[in-house]
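For reference, the chains in residue letters:
Protein chains: 2
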Amino acid sequence: MESFFSFLEKRVEDCSSLLCVGLDPHVSDLSVSSAEAARDFCLTLVKQTAPYAAAFKPNAAFFEYFGAEGWTALKQVIEAIQSESDRLGSMIPVILDAKRGDIASTAEAYAQSAFDHLGAHCITLNPYLGKDAIDPFLKNREKGVFLLCKTSNPGAADLQDLLVSGGLRADGETRPMPLYQQVALLAQSWNTQNNIGLVVGATQPEALARVRATAPNLWFLSPGIGAQGGDLEIALKAGLRQDGKGLLLPVSRGISRAANPGLAAAEFRDEIWHIRRSMMR
Amino acid sequence: MESFFSFLEKRVEDCSSLLCVGLDPHVSDLSVSSAEAARDFCLTLVKQTAPYAAAFKPNAAFFEYFGAEGWTALKQVIEAIQSESDRLGSMIPVILDAKRGDIASTAEAYAQSAFDHLGAHCITLNPYLGKDAIDPFLKNREKGVFLLCKTSNPGAADLQDLLVSGGLRADGETRPMPLYQQVALLAQSWNTQNNIGLVVGATQPEALARVRATAPNLWFLSPGIGAQGGDLEIALKAGLRQDGKGLLLPVSRGISRAANPGLAAAEFRDEIWHIRRSMMR
Chain A
0 MESFFSFLEK RVEDCSSLLC VGLDPHVSDL SVSSAEAARD FCLTLVKQTA
50 PYAAAFKPNA AFFEYFGAEG WTALKQVIEA IQSESDRLGS MIPVILDAKR
100 GDIASTAEAY AQSAFDHLGA HCITLNPYLG KDAIDPFLKN REKGVFLLCK
150 TSNPGAADLQ DLLVSGGLRA DGETRPMPLY QQVALLAQSW NTQNNIGLVV
200 GATQPEALAR VRATAPNLWF LSPGIGAQGG DLEIALKAGL RQDGKGLLLP
250 VSRGISRAAN PGLAAAEFRD EIWHIRRSMM R
Chain H
0 MESFFSFLEK RVEDCSSLLC VGLDPHVSDL SVSSAEAARD FCLTLVKQTA
50 PYAAAFKPNA AFFEYFGAEG WTALKQVIEA IQSESDRLGS MIPVILDAKR
100 GDIASTAEAY AQSAFDHLGA HCITLNPYLG KDAIDPFLKN REKGVFLLCK
150 TSNPGAADLQ DLLVSGGLRA DGETRPMPLY QQVALLAQSW NTQNNIGLVV
200 GATQPEALAR VRATAPNLWF LSPGIGAQGG DLEIALKAGL RQDGKGLLLP
250 VSRGISRAAN PGLAAAEFRD EIWHIRRSMM R
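These protein sequence lines are chains A and H, in that order. Going by numbering that gives the first Met the number 0, the letters in the first sequence line up with residues 0 to 280, in that order. Going by numbering that gives the first Met the number 0, the letters in the second sequence line up with residues 0 to 280, in that order.
A hint or two may mislead.
[Claimed, not checked] List of simulated lysine to aspartate or glutamate pairs, DMTMM-like, C-alpha gap at most 20 Å:
hint: 1; chain 1: H; residue 1: Lys74; chain 2: A; residue 2: Glu68
hint: 2; chain 1: A; residue 1: Lys244; chain 2: A; residue 2: Glu270
hint: 3; chain 1: H; residue 1: Lys130; chain 2: A; residue 2: Glu68
hint: 4; chain 1: H; residue 1: Lys244; chain 2: H; residue 2: Glu68
hint: 5; chain 1: A; residue 1: Lys74; chain 2: H; residue 2: Glu68
hint: 6; chain 1: A; residue 1: Lys130; chain 2: H; residue 2: Glu68
[Said to hold, decoys possible] Pair by pair, the computed Cβ-Cβ distance ranges are:
hint: 7; chain 1: H; residue 1: Glu35; chain 2: A; residue 2: Gly118; range: 33 to 41 Å
hint: 8; chain 1: H; residue 1: Met0; chain 2: A; residue 2: Gln241; range: 53 to 61 Å
hint: 9; chain 1: H; residue 1: Glu205; chain 2: A; residue 2: Ser188; range: 41 to 49 Å
hint: 10; chain 1: H; residue 1: Thr173; chain 2: A; residue 2: Ser89; range: 52 to 60 Å
hint: 11; chain 1: H; residue 1: Thr173; chain 2: A; residue 2: Arg174; range: 34 to 42 Å
If you're looking for bench data, these hints aren't it; they were derived computationally from the structure. Note that beta-carbon positions come from the ideal geometry of N, C-alpha and C, so glycine has one too.
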């Protein structure tokens, strides 16, 4: 059985892309405030950008906003991505950006909701509750998770930057390390089935580089380029793995608000791939 | 405008109860696997236990499990609690156990989903993303949040027990403290509108007592009595505030799986209140 990240790597090769297209149907971007409008907004984006997308990332919050109808819309959007995959002959992974995190039977229910009911291939999770809250999502190695590690918002400093001691240590490391680095160490040690990655903002290259040094093999989901304004070349230098993979760059508004979203996605894809190639020489 | 916790305290007085009735329609507890069965399971529980409930706590995961129909069921359950409140002439707060956590506009959408669309009065949140991820839920002080602090699962040790330095310090404190204590300090400092509480498991009384010493004024939501087997008297000694309030004790299966859930709720309510009274003398 293949692992989630082997699926993702296959897709990255198929489309020469590290771009993850974010599907954020924020109500202010819709013609009318309805679940149908949210769905249509996403369906159009999927159709226009699928050839350039290494993955799609629907954000659960903007669907939940519309209640039961929003939930139906989310399911339809994921089905449409599946259809596009079939049409293109290349499976495009769907990462449900839901940042869930709960214990035991509750985590089980969230996993079934995301993977079985909605049909997502991967989900973002919050690591604060520890390993047993993540396990229910890892059982099927074809499904993956990205654990929040270092987020790009100002409040990230409140907990993630605190210096911790007494946890897992990397080789030879004795000094206290930031909490987010401890999360990276734990994730690396938990990743026995190649289905755990990390969310590490692209806007703070020093942190990104530190996490890369700590977890040399993991995939990162690194928001911050595009609308959030991170510098693409610096982010790629800090975050790519030695094999030129391992970094998935989500862009939402930078594509959805462009005059031509398909063209914007193609340009993001090409720019990322171009810089990457120049670094691989 | 009143704050969420002033509403809760009014209800605690109205019903002489610190019991929070958990609404966990786990599929294994339902006669058939359907959103309607989940809804009916909860509606029956609400009807039977409302007179003894200081609050109700529906768990979002077990509704999400049923997709859009589950979302509809959740909304109907919250509406039914509102009707029971009207009938009893005493507002019973609804705490949506969803453990959300995301940044900026995304958190905004989750807040609107929970408070405006579903009609919940309070939500459980994950603190890992920091203050700005919590702010959108605090804007209306009639609505409240419980931040995960120290959970009762084994994996809680992975991050929550790590010793941190360099964060907020309590008076005179200089040594490193566990991360969960840092969360308690931050929550206490953020609670300027009386609408932030903490989730602190009742199964580890030393941790509960430590958090109480750190945050003497906050409300705690403390799972672990009932099916999870924490000792009630020890938990009350460790967690109650000096005014004999500040501790909400959720029980789910210990009530829903009882032969007579109404009677079980009444007994939990009475036992808690009895121990509390003997401590207040």
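Here is how each hint holds up against the structure:
1. H:Lys74 - A:Glu68: 12 Å, holds
2. A:Lys244 - A:Glu270: 15 Å, holds
3. H:Lys130 - A:Glu68: 30 Å, violated
4. H:Lys244 - H:Glu68: Violated: lysine 244 of chain H and glutamate 68 of chain H sit about 37 Å apart, past 20 Å.
5. A:Lys74 - H:Glu68: Holds, at roughly 12 Å.
6. A:Lys130 - H:Glu68: 30 Å, violated
7. H:Glu35 - A:Gly118: 33 to 41 Å: Since glutamate 35 of chain H and glycine 118 of chain A have Cβ atoms about 23 Å apart, the given range 33 to 41 Å is violated.
8. H:Met0 - A:Gln241: 53 to 61 Å: For methionine 0 of chain H and glutamine 241 of chain A the Cβ distance comes to about 57 Å; the hint holds.
9. H:Glu205 - A:Ser188: 41 to 49 Å: For serine 188 of chain A against glutamate 205 of chain H, whose Cβ atoms are near 27 Å apart, the range 41 to 49 Å is violated.
10. H:Thr173 - A:Ser89: 52 to 60 Å: 57 Å, holds
11. H:Thr173 - A:Arg174: 34 to 42 Å: 18 Å, violated
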